[in-house]
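Undergrad: The primary structure of each chain is shown beneath.
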Amino acid sequence: MLMTHLGIEPEFSVQARTLQDLLVVIDGSHRGFMDSICDESGKVRPYVNIFLNGENVSHKPQALSTRLSEGDEVYILASVAGGDSSA
Amino acid sequence: MMLLVGTMKGGFILDGDSSRTRWKLRGPFFDGFETYDMVGDNSEGETQLYGAVNTWTWGPVIYKSSDSGKSWRRAESSPRFPKKKGGLTVKRIWNIQPDGKGKLYAGVEPAALFVSEDESKTWKGFDGLNYHSTRSKWQPGNGGLCLHTILIHPRNRKKIRVGISAVGVLGSDDGGRNWRFMNKRIRADFLPNKFPEYGQCVHKIDYNPSNPDVLYLQNHGGVYRSDDFGERWSEIGKKLPSDFGFPVGVHRKKPDTVYIVPLAGIGRFPVKGKFQVWVSRDGGKSWEGSSKGLPQTAFFGVLRDGMAVDDEDPGGVYVGTTTGQVFFSRDEGESWEKIADNLPRVTSVSFIS
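Which chain is which? The protein sequence lines are A and B, in order. Residue numbers for the first sequence follow the working numbering, so the first one is 1 and each next one is one higher. Residue numbers for the second sequence follow the working numbering, so the first one is 1001 and each next one is one higher.
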């Protein structure tokens, strides 16, 4: 879904010290990326999940300050959300 | 000519032939995300289309198309509150409004107004409104605290009027720096003080651009007319079967011809389950119901942006319903035909020639 929304590649490598850095680096090459992941307050949007090495860290306190190490795998995915009452 | 149709599951376009006899449906656009408004702007020669798309994942965004909707691209940026002010985050984009001179305005939830002067590459907020001294006392309507109506005076573009539920009408006469309430004589049935300075639940306002001082307003209880661009209002809906409703439309060539859809009850159904558009051809002095071609067993609603008028001759009127039909009158509201069915809940209709 994110690939369609932003025209982004499915998988690529980035050098970054923290998750925040990672979002900033990607935003530099894909305008609107940061805005799609976080709202104006800097919080990760409610239906966005960020997995670091398989663990969902997106809504932990200070999630974006999480430090990254070489070889870490980060997945950014839309959460499953069905059953909209307006449908 | 195109009728742009926003729905709860994406945007659609109805392409009409020159006689408005045949309509062909395209869409859905925007991956089926909630689309609260779609508009076209051909004032600069080339037609630019915009969509206000509220994705539940990636936030509310503006989409645009410069090839009549064949392809859409996410705009470079969308309205956002400044981070340094803190606290407010854009939840939905409700209304987008080109001013015909290169500016694009956007009204959002929570209630705020933004403008772009570069086709949605960058946006600037109107701090005088968005951080108004009374803001902490503003209350939402059932649909949210939304800025849903934007009117720019075509002969003096520094005069701006907006509608906010449930705050009322606010106006600026200096291009958006300073704002004041403009709710004189508009009722607030749901408050102890029925005529407060603000707190009215204005549902929609419209005007004829050739006669812009005359505004028509559908309120949460009451239909109103202003002859001085919102300074004072007069009630004109007492002869209607219900003075509750959401949309209001003004004929583009006959400024005294006004269309509304009376709804009744908590269910917001057509009165007695019979769908009628009510028409005044004398500026609100008298009204007549129009039902020829409309379903007379009907329990749907019509939302605040669910009505559009075109600038053809004779003038056309379009109404989209919450059960996915679009009805069209090619004879200024005398009779109706269905030009689309089985769409998702229609949130907006907008005509572009």
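Check each hint, because a few of them may be wrong.
[Said to hold, decoys possible] Listed next, the in silico SDA-like pairs over lysine to any residue satisfying Cα-Cα at most 25 Å (straight line):
| id | chain 1 | residue 1 | chain 2 | residue 2 |
| --- | --- | --- | --- | --- |
| 1 | B | Lys1121 | B | Asn1042 |
| 2 | B | Lys1091 | B | Leu1145 |
| 3 | B | Lys1091 | A | Ser41 |
| 4 | B | Lys1124 | A | Glu40 |
| 5 | B | Lys1091 | A | Thr4 |
| 6 | B | Lys1121 | A | Asp21 |
Hints were generated in silico from the structure; no laboratory data involved.
Undergrad: Could you run down the list of hints and mark each one as holding or not?
TA: Now the hints, each set against the structure:
1. B:Lys1121 x B:Asn1042: holds, 18 Å
2. B:Lys1091 x B:Leu1145: Holds - the C-alpha atoms of Leu1145 of chain B and Lys1091 of chain B are around 10 Å apart, at most 25 Å.
3. B:Lys1091 x A:Ser41: Holds. Lys1091 of chain B to Ser41 of chain A sits at ~12 Å (cutoff 25 Å).
4. B:Lys1124 x A:Glu40: Within the cut-off at roughly 14 Å; holds.
5. B:Lys1091 x A:Thr4: Judged against 25 Å, a Cα distance of about 21 Å means the pair holds.
6. B:Lys1121 x A:Asp21: With a Cα-Cα distance of about 24 Å, the restraint between Lys1121 of chain B and Asp21 of chain A holds, given a limit of 25 Å.
The structure agrees with every numbered hint stated previously.
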